[in-house]
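These protein sequences, in sequence, are chains P and B. Mapping to the working numbering: the first sequence position 107 is 107, numbers consecutive. Mapping to the working numbering: the second sequence position 196 is 196, numbers consecutive.
If you're looking for bench data, these hints aren't it; they were derived computationally from the structure. Errors might be hidden in some of the hints.
Simulated crosslink set (PhoX-like; lysine-lysine; CA at most 25 Å straight-line) [unchecked claim]:
#1 B:K27 to P:K135
#2 B:K27 to P:K87
#3 B:K37 to P:K39
Chain B is nowhere near these chain P residues, computed Cβ spacing over 10 Å in every case [unchecked claim]:
#4 E34
#5 E48
#6 Q95
#7 E105
#8 A125
#9 E131
#10 G132
#11 E148
Label pairs and their computed distance ranges (CB to CB) [said to hold, decoys possible]:
#12 B:A35 to P:N43: 20 to 28 Å
#13 P:T175 to B:P78: 53 to 61 Å
#14 P:N4 to B:R59: 36 to 44 Å
#15 B:E11 to P:Q95: 40 to 48 Å
#16 P:R90 to B:T77: 24 to 32 Å
#17 B:A35 to P:E153: 30 to 38 Å
#18 P:Q12 to B:N56: 21 to 29 Å
#19 B:Q72 to P:T175: 22 to 30 Å
#20 P:E153 to B:A34: 33 to 41 Å
#21 B:E28 to P:G132: 34 to 42 Å
Just so you know, even glycine gets a beta-carbon here, dropped at the ideal spot from N, CA and C.
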Amino acid sequence: MSANLTEAELPQMLRNDYRAAFKLLYRDYYRMVEYFVSKNSGNSADAEDIFQEAMIVLYNYSRESSFTLSCSIKTYIYSVCRNLWLKQLRKRDRQVTVKDFETFESIGAEEYTEDNEQVNLVTNAMQQLGEGCRKILTLFYYHKKNMEEIAAEMGYTNADNAKNQKYKCLQHLKTKLTTTNA
Amino acid sequence: MLNEEQQQLIERFFAGELSAAELQQFKELLGADAAFKAEVELQRTVLSGIQKHGANQMRDELKQIKAEMQGQMQQYTPPGKGGWGKAFKWFFGVGSIAALVSALLIYLDKFPVKSPAIENLYRGLHSYDTTLQQFTITDTIYHVDTVYHTIHTKKVLPGDTITTYNVKETRRILQGTTDTLVEVKRDTVRKVYRNRNIQ
């Protein structure tokens, strides 16, 4: 596997090949987070969840074209995980503090998605769509791929074709949702 | 039912693409048109649902990635915890090398290969303590080195030097000989020295 990922390389790698980027991040920083969580009232399952959520936070930020790291990758990951774990601990005890082992920065670690009944209805409705519709909607709205990229990945003739298909799938999803609600 | 232009306006609103004028138009519609407002709320919910679906898929992928990388994850030592931790790791690092060396010695004993190089190699493998001795190689020999858990062979040339740490073992190995001493270390061979200092 390749050498250590640099701060300059990470945002681009997340956009172009997020699986490869995550492999490197797991390789280089997972044990650090596991150690931190274990020394702060957590277990290995907690560490796995926290690291996973941090990766999702990182991926969400990376899809903004302006995203760059203002600190080292290590500090970034430690800071996000620290925030996420502190939030978890404070659900149990508002006064809790954590033992730190690395320097950290104040990096927001808000959960990206709402978690309510309506949103859950949408995720259920997504499962009822065909795989093609599910994929095109996820590529466009979650992975923030453009129509050219989607057309190439899904084998559409051109970007306009992909755009039309995306529109149809969105309408199909909305119809399923409003039918469920009716 | 909204027309296509209004649908596009809503889509572009959530994508953050509206100009100031378009944003104003959007706000006016939101206040004046109940159907438009309902569609905006529906779009908001749908987009949140797609985000959640995407994140759930990502979590599944991350689980697979973690399982795949389990054996490659780098160990973590917190800053300032080097002392005993490092000594502990060095000890066991040396121990694992010693185990590999022992396995190699057993192999060589069971399947002896008659060559000066292997003989020299055999004589050179030993354990460690902190006493530093220096030897100079006089003949070309082949040296077995261990790098993590892979064994490489490395040719050691006359004039090379190597450091050994065990006086007792060194004396035993070099007794009555002027042979070179070959050091088995965790990383690449430094130098091989000829026996000058052992009494």
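Hint by hint, here is what the structure shows:
The straight-line distance between the Cα atoms of K27 of chain B and K135 of chain P is roughly 32 Å, outside the 25 Å bound, and the hint therefore fails. The straight-line distance between the Cα atoms of K27 of chain B and K87 of chain P is roughly 35 Å, outside the 25 Å bound, and the hint therefore fails. Between K37 of chain B and K39 of chain P, the direct Cα distance comes to roughly 49 Å. Violation of the 25 Å bound is thereby established for this hinted pair. A Cβ of chain B approaches the Cβ of E34 of chain P within 10 Å, the least distance being about 7 Å, so the stated non-interface status is violated.
With 10 Å as the threshold on Cβ separation, the claim that E48 of chain P sits away from chain B is violated: the shortest Cβ distance comes to roughly 7 Å. Interface exclusion of Q95 of chain P from chain B stands, the closest Cβ pair being 24 Å apart, more than 10 Å. Non-interface call for E105 of chain P relative to chain B: holds, since the shortest CB-CB distance, roughly 17 Å, exceeds 10 Å. For A125 of chain P, the condition that its CB be more than 10 Å from all CB atoms of chain B is violated, with the nearest at approximately 7 Å.
Look at E131 of chain P: its CB is around 12 Å from the nearest CB on chain B, clear of 10 Å, so calling it non-interface holds up. With 10 Å as the threshold on Cβ separation, the claim that G132 of chain P sits away from chain B holds: the shortest Cβ distance comes to roughly 15 Å. For E148 of chain P, the shortest C-beta to C-beta distance to chain B comes to about 16 Å, beyond the 10 Å cut-off, and the non-interface label holds. For A35 of chain B paired with N43 of chain P, a C-beta distance near 51 Å fails the hint of 20 to 28 Å.
A hinted range of 53 to 61 Å holds for the C-beta pair T175 of chain P and P78 of chain B, which are about 54 Å apart. At about 25 Å, the beta-carbon gap between N4 of chain P and R59 of chain B misses the expected band of 36 to 44 Å. Remark: the range hint 40 to 48 Å for E11 of chain B to Q95 of chain P is upheld by a beta-carbon distance near 45 Å. In this structure the supplied range 24 to 32 Å holds for R90 of chain P paired with T77 of chain B, their Cβ-Cβ distance being about 28 Å.
Under the hint 30 to 38 Å, the C-beta atoms of A35 of chain B and E153 of chain P, about 35 Å apart, fit the expected range. Distance hint check for Q12 of chain P and N56 of chain B: the Cβ-Cβ separation is about 25 Å, which falls inside the suggested range of 21 to 29 Å. The beta-carbon spacing between Q72 of chain B and T175 of chain P, approximately 46 Å, falls outside the hinted interval of 22 to 30 Å. The hinted range of 33 to 41 Å is satisfied by E153 of chain P and A34 of chain B, whose Cβ atoms lie roughly 39 Å apart.
Checked against the hint of 34 to 42 Å, the pair E28 of chain B and G132 of chain P passes, with Cβ atoms roughly 37 Å apart.
Of the numbered hints stated above, those contradicted by the structure are hints 1, 2, 3, 4, 5, 8, 12, 14 and 19, listed in ascending order.
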